[in-house]
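Number of protein chains: 2
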Amino acid sequence: MAKSGSLGALVPLEIDRENPTPLHEQIAIGLREAIDKGRLLAGSRLPSTRALSRDWDVSRNTVLHVFETLVSEGLLESRVGDGTYVADRSETEADIEPGDPPVDRNAAGYPFRSLSRRGRNLIAQSHGDMSEKPLPLMPDIPDLRSFPMRSWLRLMNEVSGRLKGNILVNLTNAGYEPLREAIAHHLNLTRHLDCSADQVIITTGSQQSIDLVARLLLERGDPVWVEEPGYLGARAALAANGCTLLPVPADGDGLDVDAGLARYPAPSMIVVSPSRHYPLGGRLSTERRQALLDFSRQSGTWILEDDYDSEFFYVGGPGPAISAKDRTGRVLLIGTFSKTLLPSFRLGFIVVPQDLADGFARARSVIDRHPPIFEQLVLSEFIRRGFYAAHLRNMRKLYRERQEALVAALDSAVGYTPPAHELASGMHIILPIANGADDRALVRDLQDRGTVARPLSIYYSGRRKQSGLLLGFAAFEPDDIAATQASLSDLSRSIDRTRFRSPEPQL
Amino acid sequence: MAKSGSLGALVPLEIDRENPTPLHEQIAIGLREAIDKGRLLAGSRLPSTRALSRDWDVSRNTVLHVFETLVSEGLLESRVGDGTYVADRSETEADIEPGDPPVDRNAAGYPFRSLSRRGRNLIAQSHGDMSEKPLPLMPDIPDLRSFPMRSWLRLMNEVSGRLKGNILVNLTNAGYEPLREAIAHHLNLTRHLDCSADQVIITTGSQQSIDLVARLLLERGDPVWVEEPGYLGARAALAANGCTLLPVPADGDGLDVDAGLARYPAPSMIVVSPSRHYPLGGRLSTERRQALLDFSRQSGTWILEDDYDSEFFYVGGPGPAISAKDRTGRVLLIGTFSKTLLPSFRLGFIVVPQDLADGFARARSVIDRHPPIFEQLVLSEFIRRGFYAAHLRNMRKLYRERQEALVAALDSAVGYTPPAHELASGMHIILPIANGADDRALVRDLQDRGTVARPLSIYYSGRRKQSGLLLGFAAFEPDDIAATQASLSDLSRSIDRTRFRSPEPQL
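Quick note, the sequences are listed as chains A and G, same order.
Last residue of the first sequence: 1332 (the numbering used here), numbering continuous.
Last residue of the second sequence: 1332 (the numbering used here), numbering continuous.
Keep in mind the hints are simulated off the structure, nothing from the lab.
Hints may be right or wrong, so weigh each one.
Identical chains blur together in the list; that is why a pair holds if it fits in one copy or across any two.
To be verified - Calculated lysine-lysine pairs in the DSSO-like style (CA-CA distance at most 30 angstroms, straight line):
1. Lys1290 <-> Lys958
2. Lys958 <-> Lys1150
3. Lys1150 <-> Lys989
4. Lys989 <-> Lys958
5. Lys958 <-> Lys1164
6. Lys1150 <-> Lys1290
7. Lys1290 <-> Lys989
8. Lys1164 <-> Lys1222
9. Lys1290 <-> Lys1164
10. Lys1150 <-> Lys1164
11. Lys1222 <-> Lys958
Small disclaimer: the values here were computed from a predicted structure and weren't measured.
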């Protein structure tokens, strides 16, 4: 077992005898770096100067000189009758000896000190917990009380009898086969796809879907179009995987494909929410859909179709998915049950081109295998027996009423009427705020009065942001929505009624 | 919108007019590369020679010359009255036109052709589905019929009433707080830890735990000790994340720390299964545990303690976890409920040093948020009310009886008695096979006779492998175990009875 005598070997110093820099200086540089980078931990004991002079093939005086220098710099400390130690500069990382109580390292640089670069990058993308209380008008959450919990439980008890044998050991990593079949069937009906069950990969939701896609299809540094403004979860997962984000403006017709091609003509992937742009609410126009498909076919660019909110249309419908018209196998579609059922159930899916299906399933075996069986089993029955379609129908009706309640509240409070493309679908309305007004501050003011909103500006990554407030209506009773009117009327002076009439973000 | 006329811009060619290579040759090289790397997809139409001569600022004759060259090479193809296309060399990727049926690209190189390098690397680590039928003597699976499904369902129905409000929207990404508390309490009691609930990160199992640890703490290329032989899932997740695997031999006392330090003195992380080495079955000796802790303290090396199988001890106990003696916050412990409850429930955890807890939780928001709430809610009650501890006690008793049945069957069939360190704990026994004999072939022979085993050799990454058969006993009735005796006796000639007496793998 290596004891302190071999520490020199553990911290290999590059000593270059041809280098004009004096040896003691080279050694000092090497040790400073080893301490800075944490290869030599605070509290660890250095070998004797004798041992180090032998290890490094330098005179003992040279080592002594280096030690004195580093002690004077506060990097090392000398203890009488004991030896030389790496000093504790964090002031919380006490000299560590076996038997001491655990060290609390809530020090400067926390929590990044010991993480890898990619770990730091990953954490830097965090968009935090979503653990706020669901108060009106919090966007992005479905009505929680409408979830048919009793049907769900009844199914759960009923299908529990099937939980035996092979199914309890392990499933295929792509997910429970009957659930994949149920989803494929549902998508082929509602989204005009022509996919088979083996193209459906069950995930724990959109966040994992996007992370998985980035890990499998993109290299570090690969350029990816993201919508500006756009969904933060997608940006986070792509940036965490080292992709270069190229913000392409969106307007009332969704992603501005021409603008994207003019600015960034060679992306590796295009992330788009064509059914309903998040957060602006437009449906991607037919021309732009065709342009995306043409470009993808010509260039081989991947399209990641976030089919978010295709379920909640109140006027017209989402039309067929882009994936439905893909003939070259370059479009992947992601969907989630977080909005249509319940967020904390954590189930979603990716529909991948046939030739990627096996690869995605195999990757899962390395990353996390598959989502828990019980939820998959129940959901497959829930879809198969028509509960899911019925629930969607009920929610469409309910959400439309609630949308009307919010439209009425906004009209009374501030005299604002949202444009038609926003009202056609979705679970929130954006109240436009005059540019220059700080929508984050307005959100804080509202919060003090018991109303929850999200600032539109946070969904922009560029310097030019539009101000606005995302107001959700899906999860709240019309009376509770009406009750927010008082706090909304305070916003009257901040509103920009002109800006969203012809919805062209100036980017 | 960019049409084919702008394809020249989409495939930017580096034309260097100072370069002695003729222009037509430079263009040909650029196009060949674009086709090879998939930037120009098979079936895509090239712009006209006129357009390209303008885009590239070369004569039209030069472009024609290049086209002719590439057509003669089979990379391009000319269609009369239409234009020039990138040829389909895979012979399955037909000329693609809108309206054509979807392309089946089960071609050469599948499924790697369109994946990123890191995606290919990820998939290359796949260890496949675990969807085989659980037949005797399949190792690594718990007894499925003993799982207290009725208690589980009763709890599920009971706690479903708590599924309302905030909990349905989202949890903290680290997991459901009461479950984290229940696990911390259980580990502090049984593994002598002193951890708080906020150090416990709920994951979907060991596979995700290791992937998460690698992404957060290790850089691409970082050297990591793995046990030789050792757990394939850990190797897969580490290799998929670009780590350099350093195989360190293990013997009856677990990981040979001295051998590791002698060979690879500067790992970034050490992955070790100290309670019960996988697959050899030894418990890491006290001296080696101390040596690991000393080395970690001195060098700052991370230790990833896979606490796998600490629950199933029949003689003595696993002793305290290494994490329990960590004073420098460099040891992470991973645990799983896949072996103690059911594999397909997909729940596990990581216990991280205090100062990493927040970072791990934040990373989850980017990767997949949290495991489904329902399982977490039920499991927390299952542990809190003592069902979990009772189930472990019952299983220890049951598995011990089954182990005895397998020991008896092996004795009768081939006269082999396993060494004490293997019998002290775990869910399988290794039958040593003479080196040179192909244990994979023996596994296939056994399979033909209805008995399932795993070859020991697959758990080695180096050239020197030991042959053996992993025989599981936990999931099978004593009678079913006894019934395998006939097929086991066929192995008599292949067995190496001397090799495992003094368990020192020669590596």
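A quick look at each hint next to the structure:
no., hint, in the structure
1, Lys1290 <-> Lys958, "within (27 angstroms within a copy, 56 angstroms between copies)"
2, Lys958 <-> Lys1150, "neither (41 angstroms within a copy, 39 angstroms between copies)"
3, Lys1150 <-> Lys989, "neither (41 angstroms within a copy, 40 angstroms between copies)"
4, Lys989 <-> Lys958, "between (38 angstroms within a copy, 11 angstroms between copies)"
5, Lys958 <-> Lys1164, "within (17 angstroms within a copy, 36 angstroms between copies)"
6, Lys1150 <-> Lys1290, "neither (33 angstroms within a copy, 52 angstroms between copies)"
7, Lys1290 <-> Lys989, "neither (54 angstroms within a copy, 36 angstroms between copies)"
8, Lys1164 <-> Lys1222, "within (15 angstroms within a copy, 46 angstroms between copies)"
9, Lys1290 <-> Lys1164, "within (27 angstroms within a copy, 51 angstroms between copies)"
10, Lys1150 <-> Lys1164, "within (25 angstroms within a copy, 45 angstroms between copies)"
11, Lys1222 <-> Lys958, "within (25 angstroms within a copy, 46 angstroms between copies)"
The structure does not agree with the numbered hints 2, 3, 6, 7 stated previously, though it agrees with the rest.
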